[in-house]
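Protein chains: 2
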Amino acid sequence: MSTHDSVTNPAHQLPDVSQLVVGVLGGTGDQGRGLAYRLAKAGQQVVIGSRTAERAEASAAELGLGVRGADNATTARESDIVIVAVPWDGHAATLSALREELAGKIVVDCVNPLGFDKQGAYALKPEEGSAAQQAAALLPDSRVTAAFHHLSAVLLQDESLAEIDTDVMVLGEDREATDTVQALAARIPGMRGVFAGRLRNAHQVESLVANLISVNRRYKAHAGLRVTDV
Amino acid sequence: MSTHDSVTNPAHQLPDVSQLVVGVLGGTGDQGRGLAYRLAKAGQQVVIGSRTAERAEASAAELGLGVRGADNATTARESDIVIVAVPWDGHAATLSALREELAGKIVVDCVNPLGFDKQGAYALKPEEGSAAQQAAALLPDSRVTAAFHHLSAVLLQDESLAEIDTDVMVLGEDREATDTVQALAARIPGMRGVFAGRLRNAHQVESLVANLISVNRRYKAHAGLRVTDV
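These protein sequence lines map, in sequence, to chains A and B.
Once you know that position 44 of the first sequence is 50 in the working numbering, the rest is easy, because the numbers rise by one and skip nothing.
Once you know that position 83 of the second sequence is 89 in the working numbering, the rest is easy, because the numbers rise by one and skip nothing.
No lab work stands behind these hints, which were simulated from the structure alone.
This one's a predicted model, so the numbers in the text were calculated from it and none came from an experiment.
It is possible that part of the hints are untrue.
When chains are identical, the list treats them as one kind, so a pair holds in a single copy or across two.
Unchecked claim - Below, simulated SDA-like cross-link-like pairs (lysine to any residue); rule was C-alpha separation at most 25 Å, straight line: (1) 131 - 121; (2) 131 - 120; (3) 47 - 169; (4) 131 - 36; (5) 226 - 98.
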């Protein structure tokens, strides 16, 4: 078992990311604020980004834990890793405007392009294949990954919960970048970062959120996912 | 907690399926044989279907456990629930030919339309949206569901394993049919059947297998999925 564990433990030999600054674009939304809270609580330096610095600063002050707020461009410039948690509607425009600020950075796209109607949620079909592939197309000088799709914003923001019982599927082309994002996910108690393929396989990971929404309705749950045998 | 459990336990109030006959089209392939083995071991009556009765009978004899073999049409006719585990290549042709035999039956599509190249697996895009939606289009008189996508054929067939550590996402439009398939999944020790949406959200469930293949390569694993908080 011990030799097997050393192979399969996804936290094995991941880099130390504790000194990296994490920016969260869309950090005033539920998902972004929840991630910022969990990462800051784990000891990470976090900057929340929004269209206006004032709004970001107000959200950051509410969160405490040393979280700072800034406009999106400043957030991108001052961060080592930048999580993109903006609404799908604003995804392309936000990223296009930040191409220079995001150059050389690890970008973590966690956007789920979904539509909603009377029957619930359904997958949208981005022209590039997925939100993550759109990010990669718009940010050719960044190291684009995809992760943090399947987290419940409710659970992330629930201060009474010490741990979040879920794995984080991490996708990307660049091993060093995906290792870094896996390590970042593992900073949050209860979470593991699990490598789950290249960006061309991001669409199904993003749109699986539609299924988790169905699970949540049926079972009155805040569903997450664990990858077994890893 | 107890009232909450009664809501969230996916096995709650599911029908008794122990007397239903389960047919497995493509039952001589790895996935089909593995499912037939697990269901028969759980006490279910199972018929393996193949293009030729001889081949199905040979596979059934190898499995033992009372499993019978027959051609696909006979299998469909004699079963209450029919699992479709044929290769994607033969999916449309096989189902088109069985429209009459499958009328009124619960059909469980577990086919994953994937392509493979040097970089691994990737999602194909069926014209109907997914294999399950193709099945629904070809079988208007059947009750089509989708399930059993994320199971490792290796683990299913490993007789040394008493339990399979995974949940089974079950999709469909017809509550009675999805409840029945959830109950069938729960017959296999370790598994739960979890309702996970309508057939229009089947594509991402089917193609997520491409990601699990990446997980398996990276971690030398046979990955499955658990839905948390359910």
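Inset, instruction - Check residue 226 against residue 98 for me: Cα-Cα at most 25 Å, and say if that holds within a copy, between copies, both or neither. - result: Neither: 33 Å inside a chain and 36 Å across chains, both beyond 25 Å.
Inset, instruction - Can you give me the call for residue 131 and residue 36, within, between, both or neither, at a CA distance of at most 25 Å? - result: Cα proximity of residue 131 and residue 36: one copy only (23 Å, versus 32 Å across).
Inset, instruction - First find the shortest C-alpha distance between residue 47 and residue 169 inside one copy, then the shortest across copies, and answer within, between, both or neither for a cut-off of 25 Å. - result: Within. Shortest intra-copy distance 11 Å satisfies the 25 Å Cα cut-off; inter-copy 37 Å does not.
Legend entry - Identical-chain pair category, residue 131 with residue 120, by Cα at 25 Å: Both. Shortest intra-copy (9 Å) and inter-copy (18 Å) distances satisfy the 25 Å Cα cut-off.
Inset, instruction - Can you give me the call for residue 131 and residue 121, within, between, both or neither, at a CA distance of at most 25 Å? - result: The answer is both: 10 Å in one copy and 19 Å across copies each meet 25 Å.
The structure fails to meet hint 5 from the earlier list, while all remaining hints are met.
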